[in-house]
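> Sequence:
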Amino acid sequence: MDTEMTSNLAAERLADLRVAMNLSRPKFAILVELGAHTISRVENEMTEPSEYMLSQIEKAIPGSTAYILGKTHFMPSHPLLEKTKDEHEGQSLRVYLKRKDIKQADLSKKIGVTRAMINVYLNTSRFRSDVKEKILHALNVPEEIVFGEKNLNLLTTRLSSVNQPVYKEFVVLPKLDPQIRTDLTLQKIVDTLLHFDDRNPQPDGWLMRRGRLTDEELASAVVFETIPSDYVKFKPGTLLVGYLLSADQFEDLKPDDLVAVRVAEQLLIAPVYKNTMEKPEGELMLLLEFNSLILKVPDIEYMFYISHVIESDLSR
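Heads up: the sequence shown at position 131 corresponds to 115 in our numbering, and the numbers run straight through without jumps.
Bear in mind the hints are in silico, worked out from the structure with no lab data behind them. Check each hint, because a few of them may be wrong.
What the hints assert, rightly or not - Using 27 Å as the maximum straight-line C-alpha spacing, the simulated DSS-like pairs for lysine-lysine come out as follows:
#1 Lys217 / Lys82
#2 Lys238 / Lys258
#3 Lys280 / Lys258
#4 Lys172 / Lys93
#5 Lys11 / Lys172
#6 Lys43 / Lys87
#7 Lys87 / Lys159
#8 Lys55 / Lys93
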């Protein structure tokens, strides 16, 4: 095995281990006493972890080094792994794709969603039944092959668009509670997206006209509510529609574009001031009230592009 393949394997296995434990990069970094940017760099750049990094992970998760370096196919024992191993369907999908050498980009084309949404799928614990059906249809395999035995408790009864003719024109988007901003990890948003029924009325949902976003954008779209601390011109309580961006879309942002970005365990809504992310070591500068905030890709847990401002009961 050459050096590049070894590095790729180690980086992929590190990501697999973290995801199997159902931990975000910042939470995993806290567990192993490393910087979140260090975890992000290895996973994003597919570099081999340093000896020090491996020793820190080994201290927190005994037996992890052998798994990460490919000396064993079995994940180490850990309470978090025991808790999630029977629940994490995203991890089961990740393992199946690797076993069959199916690229995430190929799966995204078959399903008709963005690569960012495939990453969302791989990081969720439970799929909504219709999402699982789309995945299995794209892979052309029965559920047991990817996810093991069927769990009938996961199947939900859903109303068809025939019974709800209004939803031929409108789609229901999940509205995120502004009171829990600090708790809005990527995992929580992922779970919200994958368990939200966009075809039926929801107490925490919002109607939006179809055609305002593409199907790919709708798959990861949510509604944010502005609060006084947001760096926007809108009054508190204004509703903003945004969809999830993949890291390779960050460089497409233009000055004055509005984004919702989670960094250092805080969610900020602010306009873009300057963007040089198309360059190596590029940066994204957000305009705050009295200064600016400079971000690099490893700093960002997730980012949404704000595409629409809801100014009335129905977004037009």
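> For every hint, state whether the structure bears it out.
Here's how the hints hold up against the structure:
Taking the CA atoms of lysine 217 and lysine 82, the gap is about 46 Å. The hint is violated against a cut of 27 Å. For a cut-off of 27 Å, the pair hint linking lysine 238 to lysine 258 stands: about 7 Å separates their Cα positions. The straight-line distance between the Cα atoms of lysine 280 and lysine 258 is roughly 12 Å, inside the 27 Å bound, and the hint therefore holds. Taken as a hint, the lysine 172 and lysine 93 pair is honoured in the structure, with Cα atoms around 25 Å apart against an allowance of 27 Å.
Taking the CA atoms of lysine 11 and lysine 172, the gap is near 13 Å; set against the 27 Å cutoff, the hint holds. Of the supplied pair hints, the one linking lysine 43 and lysine 87 is violated, its CA atoms being roughly 33 Å apart against a limit of 27 Å. Of the pairs offered as hints, the one joining lysine 87 and lysine 159 is violated, with about 32 Å between alpha carbons and a cut-off of 27 Å exceeded. Among the hinted pairs, lysine 55 with lysine 93 is inconsistent with the structure: their alpha-carbon atoms are about 34 Å apart, more than 27 Å.
Of the numbered hints stated above, those contradicted by the structure are hints 1, 6, 7 and 8, listed in ascending order.
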